[in-house]
Amino acid sequence: MLDLFIGNISSAISHEILMISTENKELASRYKKERDNLIVISKKYRHNINPIRDILPDKDIEYIKSKVKNKIKSELSSRIKKGYKNINLNIIEEMIEKYLRAAKVI
Amino acid sequence: MELISKISKGTKMDQIYIPKNRPGFHTGEYVKIIPVNERPKDNYYVYNIKEVPPIKIEIAKQIFQIIESMINYDNIIITGSFLDENFKFNDIDIIIITENKKEIEKSIKEKLKIEVHTILFNQSLLIEALKIDPKWRLMLSRCISKKRIAPLPQRKLKYRYLDVQLIESKTLMINFNYLTGKEKYKLTRNMMAISMFIKNKNISDKSIEKEIEKELDTNIEDLKNNLVTNDFFKRYKTFYSKLEKEIIENASKQEKDA
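These protein sequence lines map, in sequence, to chains A and B. Just so you know, we're using the working numbering here: the first sequence kicks off at 1 and counts up by one. Just so you know, we're using the working numbering here: the second sequence kicks off at 1 and counts up by one.
Think of the hints as simulated: they come from the structure by calculation, not from any bench. Where hints are given, some of them may not hold.
To be verified - Pairs of lysine-lysine, DSS-like flavour, derived with a Cα cap of 30 Å:
{"no.": "1", "chain 1": "A", "residue 1": "LYS25", "chain 2": "B", "residue 2": "LYS6"}
{"no.": "2", "chain 1": "A", "residue 1": "LYS85", "chain 2": "B", "residue 2": "LYS242"}
{"no.": "3", "chain 1": "B", "residue 1": "LYS113", "chain 2": "A", "residue 2": "LYS43"}
{"no.": "4", "chain 1": "B", "residue 1": "LYS234", "chain 2": "A", "residue 2": "LYS98"}
{"no.": "5", "chain 1": "A", "residue 1": "LYS81", "chain 2": "B", "residue 2": "LYS113"}
{"no.": "6", "chain 1": "B", "residue 1": "LYS237", "chain 2": "A", "residue 2": "LYS73"}
Said to hold, decoys possible - Stretches of chain B that chain A covers, calculated by requiring three or more beta carbons in the stretch to come under 8 Å of a beta carbon on chain A:
{"no.": "7", "segment": "49-62"}
{"no.": "8", "segment": "119-130"}
{"no.": "9", "segment": "155-161"}
{"no.": "10", "segment": "166-174"}
Stated by the list, open to error - If the Cβ cut is set under 7 Å, some of the chain A residues that face chain B in the computed set are:
{"no.": "11", "residue": "HIS15"}
{"no.": "12", "residue": "LEU27"}
{"no.": "13", "residue": "ALA28"}
{"no.": "14", "residue": "GLY83"}
Because the structure is a prediction, the values reported are computed rather than measured. For each residue, glycine too, the CB sits at the ideal point set by N, CA and C.
Put together the whole structure using the sequences plus the hints.
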């Protein structure tokens, strides 16, 4: 369940960072329903990870953050290597915080 | 020259909206307003739907009326699962072509007591969307609209944009064992629509379903009913990886040429 949660959160963040980096970002963000689904799925998995009603222990939070960060970096770096411009890797950490807070992990 | 329009409620004064592009009735001119005895016939256009149940037509008309009374618009388009043959829709997708940015979704929900999802576009953004995004072409391929819809513009391949859209379909590979049939169908449809858009094929629900059956060697009803197995997963993964590679390579070329 934890791996699924990490996979979905990573995918949602990679998607958002790539979206921000395109010249058509206004259009890319117009239909939010599918992306919101990804967040809904992540929250569903979160409800199956103990402790359900409380934030996770520091050790688990660090583990999740580091896994998510590596997954996003790998997704985005492969594109930067191919020549993609304007992908801001500096926002990864704040994005992770935002998404984990929304999923009540932190 | 005469125009028939409805009086709508304003805050300090009520008003009558008339189209911006019109012969005559110039700004500053004086006009005479007289009531018409009969309510003008409700006009709407149905695209690529064999039969729409009267209750859905009634809902569509109500949506048009509610929006009409709230904002000035160029067109209103109802699309999505609401137009499926059954009544299993979660919400109603409403595309409103307008320069207005007023938030009206909440008001429509309150008046209709139905979940709706409104998407506001101005004319130029909609044209851009139809040029570069297969999702919007698909949405307009089957819809009910208040006014006639112009033919689709020529497509323009922006691979980096398509890359962002394709990532959504990665969800199927991450969550294969936990998704419903409907979710799997939607994610597969998104991937196939992108592939067909690149190949310059006609995009509609029917044509995409045919392509899914052909390319992924699966029965569409099995997919919708969540009866697909690991073999489907493997074929999906191969198809996705190949398409992703093609898109990223072309996006890189476009970046270099820009």
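A quick look at each hint next to the structure:
no.: 1; hint: A:LYS25 / B:LYS6; in the structure: 37 Å, violated
no.: 2; hint: A:LYS85 / B:LYS242; in the structure: 22 Å, holds
no.: 3; hint: B:LYS113 / A:LYS43; in the structure: 27 Å, holds
no.: 4; hint: B:LYS234 / A:LYS98; in the structure: 33 Å, violated
no.: 5; hint: A:LYS81 / B:LYS113; in the structure: 50 Å, violated
no.: 6; hint: B:LYS237 / A:LYS73; in the structure: 21 Å, holds
no.: 7; hint: 49-62; in the structure: violated (count 0)
no.: 8; hint: 119-130; in the structure: holds (count 5)
no.: 9; hint: 155-161; in the structure: holds (count 3)
no.: 10; hint: 166-174; in the structure: holds (count 5)
no.: 11; hint: HIS15; in the structure: 5 Å, holds
no.: 12; hint: LEU27; in the structure: 5 Å, holds
no.: 13; hint: ALA28; in the structure: 5 Å, holds
no.: 14; hint: GLY83; in the structure: 4 Å, holds
Comparing the model with each numbered hint stated earlier shows that hints 1, 4, 5, 7 do not hold.
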